[in-house]
Amino acid sequence: MSTALVIAAHGSHKNPGSSTPAFEHADRIRETGAFDEVRETFWKEEPSFREVLRTVDADEVYVVPLFISEGYFTEEVIPRELRLEGWKPELWDSDGTSADTAVLTAADTGQTVHYCGPVGTHDAMSDVIIQRAKSVTDDPSVGEGFGLAVVGHGTRRNENSAKAIEYHADRIRATDRFDEVQALFMDEDPEIDDVTEYVETENIVVVPLFISDGFHTQEDIPEDMGLTDDYRTGYDVPETVDGHDIWYSGAVGTEPLLADVVLERADDAGAELDGAHAQIRERTETTADEPPTAGLR
Amino acid sequence: MTAYVDALVETAPDGVSFDGLTVEFDGAYTYRTPEVELTGLSEPELRELATGSPHVTNWYFWHAVAPQKDDRWAFLRWLEGDDPVPERYDRLEAGRSTEWGQLHITVRLDGDGDRRYRLSHVDDAGADALERYDDPLDARELATYADDGDYRPLKTAPTLRTGWVFPDLGPEELIETVDFFYPATITNWHQERRGELDVSHWRETMARQTGMYGVIETWDRGEGHEHVEWVAESCCRDSQCLKRRVWQYDDETDLGTPGGDGPFPCREPCSLVVTAARRFTKLDAEQAQTYEFELTPSEKEQLEALVDAVADGEVDGVRDADLSDGANRFRARFLRARRFDDEGNLSGQPTEK
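Sequence order for the protein chains is E and F. Be aware that the first sequence starts at 1, since it is given in the UniProt record's numbering, and climbs by one per residue. Be aware that the second sequence starts at 1, since it is given in the UniProt record's numbering, and climbs by one per residue.
Okay, chain E solo, but in the shape it has when bound (with noise of 0.2 angstroms):
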């Protein structure tokens, strides 16, 4: 039985950007030949949601939604548009940051397809933003002495959106690598403005949790933290603020690890991997003595 991968990401009409990093995991996946064809999907390019699966040879399809938070686009619009017949959300069987799989039938294709959570939401999603963090300090060992802030978006209007930056934080808050972890927004409080006011250290490590570099990454959080008053004119990395240093990473989604959290979906659904994890980590994870997250899992 022939499988393929679907990544699920949003793009956008008016930022080329967006689908890049949507690109560059599945290409990093496709290199590992874990499945027969791999092959990546948007809400606002093609192919779309509704006709991705009739591109693909396979019988047996894995979706994983390329989306930070569970919400809006991974229990409504993405089953929907991809015609999964009985979808309810309740199939996840969530907190807000439980998700898992469900398996059902594209009604337009027949195809079964293993609905997985969001990346957003996955465990491994922690390890990203330590390997973020890492990468942006060029220090496998980054950890002592500096404290680290996890943003997101942040609304109102779902709860999960909030639920997912604060899971990511407790998680790496409870590994003692860093001297303070702090979740903060764009959008509600605590504020990312006042990222000086909530973390003590001289350094601080700032983490975007947001799949593609765009207006919100790139201009709005580095003007809101004072990186820069115009984003136009850059800011230098660290850039300091307040008598602190601030690394600022960019969005978490453009991290080559991230092609892991897709694999980790698509393992707990039950694809079989052999050894694309490894291939994956080995590419795209810099070591220091432990492995980052050692006794969380």
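What the hints contain is simulated information worked out from the structure, not anything from laboratory work. Everything numeric in this text was worked out from a predicted model, so none of it was measured. Just to be clear, a hint being listed does not mean it is correct.
[Unchecked claim] Pairwise CB distance ranges, derived in the manner of DEER restraints: (1) Lys300/F to Thr240/E: 56 to 66 angstroms; (2) Ala146/F to Asp229/E: 48 to 58 angstroms; (3) Asp70/F to Asp229/E: 55 to 65 angstroms; (4) Arg232/E to Glu204/F: 24 to 34 angstroms; (5) Asp147/F to Ala107/E: 35 to 45 angstroms; (6) Leu295/F to Asp242/E: 49 to 59 angstroms; (7) Glu37/E to Leu295/F: 30 to 40 angstroms.
[As the list claims (entries may be wrong)] With a Cα cut of at most 27 angstroms, we get these calculated DSS-like pairs of lysine-lysine: (8) Lys282/F to Lys353/F; (9) Lys44/E to Lys282/F; (10) Lys282/F to Lys14/E.
Where is the CB? At the ideal position from N, CA and C, for every residue including glycine.
We have chain E; now place chain F onto it with these hints.
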């Protein structure tokens, strides 16, 4: 010994019948083509006949080399036409070309019946000195920007960039590359040919929308479908999108706006149409007001020319010194200086909402 001959001998007991070739086995082999019919053959005799036979290499390509998914297979068959095999091979030696939107595809033979495909922009069909690509994945980047560097959010917009060529793709690679340039067009074309295309018309598509797009449904007030004609005229004509629109207002109400002439169908309003329709819904909900403007006849015509130039994407083509064109920049600046007040109001008339 060649693989296609082995395959033929192996398959003969099940019977082979394809594109004019028939091979059977009942103790001895029968070999039949439109040109010859031989019975009572031994295996060595069959092997000798099969070696180098276009009929046999053709059968082998379509059963062992070409992708077997129905739509991919049908598309590749369509690319080379349905002439009898010897004539088809003659044409494929020279290369047979087809246009697919702005893609130009040439299939040719490459020894022992293997097919190779060249893919370029239609404007580059005969061009040399193109940038060479071999990896289908590169089509994603090529499809992202137009020649002027603008982002192309709609893959089937008639703005595909030029200057590149995939000169030597295998059958599976060709399908993959075309699908990156024009996603899902092959499969929808195939479904339409089989009479199985699942069309989602305007009304059901808009009724399905939720969130910020839920408002579009309110535009359908049971007072006709003129507004959908405007949408199709604005977004879906061939000048804007090369898919042939087959969705209509609903199952019973066709739109009068031409759907286009391209080979591949558009089976439902796309995300760009939905996004545009949300804006149009809001704009169309405004009440018309009466304004009084003073314009010379030439100024009125100039406003019309300006709208036409923007709508037809012709602004960049207006020459700086062509003052006879209403969309000329100096003419537009003159109109603004002459007729707009300091707040930018036409004829000093404030916009009342």
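Hints and how they fare:
Range check, lysine 300/F to threonine 240/E: Cβ separation about 59 angstroms, and the 56 to 66 angstroms hint holds. Checked against the hint of 48 to 58 angstroms, the C-beta distance between alanine 146/F and aspartate 229/E comes to roughly 33 angstroms, which is inconsistent with it. In this structure, aspartate 70/F and aspartate 229/E meet the distance hint of 55 to 65 angstroms, their C-beta atoms being roughly 58 angstroms apart. About 44 angstroms separates the C-beta atoms of arginine 232/E and glutamate 204/F, a value inconsistent with the hinted range of 24 to 34 angstroms.
At about 40 angstroms, the beta-carbon gap between aspartate 147/F and alanine 107/E stays in the expected band of 35 to 45 angstroms. The hinted range of 49 to 59 angstroms is satisfied by leucine 295/F and aspartate 242/E, whose Cβ atoms lie roughly 57 angstroms apart. Taking the beta carbon of each, glutamate 37/E and leucine 295/F are about 60 angstroms apart, not inside 30 to 40 angstroms as hinted. Proximity of lysine 282/F to lysine 353/F is assessed by CA-CA distance (about 13 angstroms); at most 27 angstroms being required, the pair is judged to hold.
Among the hinted pairs, lysine 44/E with lysine 282/F is consistent with the structure: their alpha-carbon atoms are about 20 angstroms apart, no more than 27 angstroms. Taking the CA atoms of lysine 282/F and lysine 14/E, the gap is near 20 angstroms; set against the 27 angstroms cutoff, the hint holds.
Hint compliance for this structure: hints 2, 4, 7 are not met, and every other hint is.
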